[in-house]
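Visitor: Sequence:
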Amino acid sequence: MLLKFFGLLFGGGSTVPDPNLDEPQLPPDNIGSSSFLGAHDFVINQPIMADKAQTVNNIYTGKTVFETLLPFCSIGAMSDSSARDPPPRCHPRTRQSVRERLLIWPRSRQNKWKMKWLHGPVGVGKSAVAQTFAEDCQAGSCLGGAFFFSRLKGFDKPLQVIPTLAYQLAINLPGYKAALGQLLADDPAVLQKAIHIQFRKLIIEPFSMMPSNALQRPYVMILDGLDECEGESVQCEIIEMISEVTRLRSDLPLLWLICSRSESHLKMTFSRADFMINCGQEKLLIDRETKEDVGRYLRDGFQKIRVKYRDVITSEPWPGEWVLSRVERVASGLFVLASSALEYVQDPEYANPEGQLRSLLSFFEGGSQLASNPLTSLDLLYTHILSAVPDHALPIALQIIYVHVGRPHSFGHTPTMKDICDDLRLDENAVYSSLRKLHSVMRIPTPREFRLERLKFRHLSFLDFLENPIRSGKFCLSPDPPMPSNFLRTQPYYEVDLKLLNYLWAVADPLAPLEPASFPIDLRRRAKYPFRFENIYFLLGHGSKSCLTCVTFEIRKWNGHILSLGPQPTWVMGKSRTYQSVDWEEARRRGDTYRPSVGSVVGPLVAE
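According to mature numbering (1 follows the signal peptide of the UniProt record, and there is no 0), the sequence shown holds residues -15 to -1, 1 to 593 in order.
If you are wondering where the hints come from, they were derived from the structure by calculation, not from laboratory data.
Among these hints, one or two may not hold up.
Said to hold, decoys possible - Label-pair ranges, simulated between beta-carbon atoms:
| id | residue 1 | residue 2 | range |
| --- | --- | --- | --- |
| 1 | 310 | 235 | 13 to 23 Å |
| 2 | 459 | 216 | 19 to 29 Å |
| 3 | 302 | 412 | 49 to 59 Å |
| 4 | 276 | 88 | 55 to 65 Å |
| 5 | 459 | 86 | 35 to 45 Å |
| 6 | 180 | 307 | 30 to 40 Å |
| 7 | 347 | 157 | 44 to 54 Å |
| 8 | 216 | 310 | 40 to 50 Å |
| 9 | 297 | 216 | 46 to 56 Å |
For every residue, glycine included, the Cβ atom is placed at its ideal position computed from N, Cα and C.
Hey, can you work out the whole structure from these sequences and the hints?
Guide: Next up, the structure:
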């Protein structure tokens, strides 16, 4: 009878055959209502039981859950994976303020935020902060899971994110693992469904099945480098579904940290008015504290190099204070640049830190072209960012940056966004569309700031990269980058009144030859008098029925400047007054061709 009882207890309602009977003996009907009917004085440790009416044929326990999840996971994206070893970490005594705020977050009994966005420009150490925080949480037994996106390493597939997080939650929370096993048994195909279905089935529902008192503290979930995830729409969807669950299911014991660059579509998603994003923010800026941290990192790094190569370093002290200060100024708060510099100096292939450091300083001064690039890691990062700019937008984006950095004297000041638009004959939408992928390397004014604010580099190393053709290749700044065909069609070639153009150039530079072939591609860049490209148009030449055969100049206070040079020929002053009276909008309404930029006009003339 004892054997028969345990057969009923652990066999899910099956019977033990009686050898004296021809047919198996069925249990009484009332046995199914309770597996422990009449039982007493026994103990069962860690049982997993299911009601007879809802029996699961295969309750997933132990490694079976992991074997089911594993093919759909990205193990290399986890915080402790060998694929990321050694991962970026915060150097001791750096990023202390943000690290302290993050450590307090899961320990607080009343968290204002269930979700935080840590963001900043490229190269400031966001992944290092995320990795260090993940390791701190792991040590404190409050890490739920982490996913470190990387497009270069292939850790960017959206459908691998939720299974990878579920895999780690199953390791860290046994109760979650049991609930997840039952859900996987009910619907094994959930691992191939849309990401929002995976999120609900693999993250939300298992916690809903657990007793409310099963978890006494929150667990931290980390998504680092979300901007590296494949597809902007999926990135925004991940933010929205996490925000929704933190807002509607505040009982779930999960805290979400999302780390990314300050990309425009992510900023827009986090600030959407029609979808409340209840989220705290941690901004990693290149400020005084960051620059001090980078200086500390560099000094400790050089000290380690000195100890490692003490048998070959003969200078004392090494490196000198001036050298340290110089490298710190170049790094200027950018951890990725400082890291690249240290890697170059201690390159084991050369094993000559003193020589490598001299080469590095020469490279910073622009005095040498080295066999190996000291800033390879940084250049790969910048190349990766620029490669994400669509082909049709890249030439326009580079031309915008070129005007910003190459022609301040043409405007009399650093040009505003409106100045650049007017100079390139672009509308506001075209400018913002072209620069959309560059928010992590440039501070781009908002539409409200369009008329008054200027573009700003988040770090000058990006400009250095763009101006060096060996480092930047096809991304190098040039006065006349190849423009897409649809852009060129709006910039036709024009005939020019060469007599007046020669005269204008002679006024700008009396020593310049007057031959047309000597004209520079960009007249405005070399001009000695104050050009101001604004609203006054001087049409050099004459109109026709099909187009205005002219070149357009926009010059501030032209008449005043000409008069300040002394008496001028009558024909020059006459043309100047005539050109000011031309109503360009009237000409355009008559069907005349779109006005071109000077660079696109003079270039073909020189080539001919």
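Visitor: Decide, hint by hint, whether the structure agrees.
Guide: Status of each hint after checking the structure:
1. For the hinted restraint 13 to 23 Å between residue 310 and residue 235, the CB-CB distance of approximately 50 Å leaves it violated.
2. Checked against the hint of 19 to 29 Å, the C-beta distance between residue 459 and residue 216 comes to roughly 25 Å, which is consistent with it.
3. For the pair residue 302 and residue 412, the beta carbons lie near 57 Å from each other, so the given range of 49 to 59 Å is met.
4. For residue 276 paired with residue 88, a C-beta distance near 23 Å fails the hint of 55 to 65 Å.
5. Between residue 459 and residue 86 the beta carbons are some 41 Å apart, a value that agrees with the proposed interval 35 to 45 Å.
6. Between residue 180 and residue 307 the CB atoms are about 54 Å apart, so this pair departs from the stated range of 30 to 40 Å.
7. Separated by about 51 Å at the C-beta atoms, residue 347 and residue 157 satisfy the suggested range of 44 to 54 Å.
8. Separated by about 44 Å at the C-beta atoms, residue 216 and residue 310 satisfy the suggested range of 40 to 50 Å.
9. Between residue 297 and residue 216 the beta carbon distance is about 50 Å. The supplied range of 46 to 56 Å therefore holds.
Consistency note: the structure conflicts with the earlier hints numbered 1, 4 and 6.
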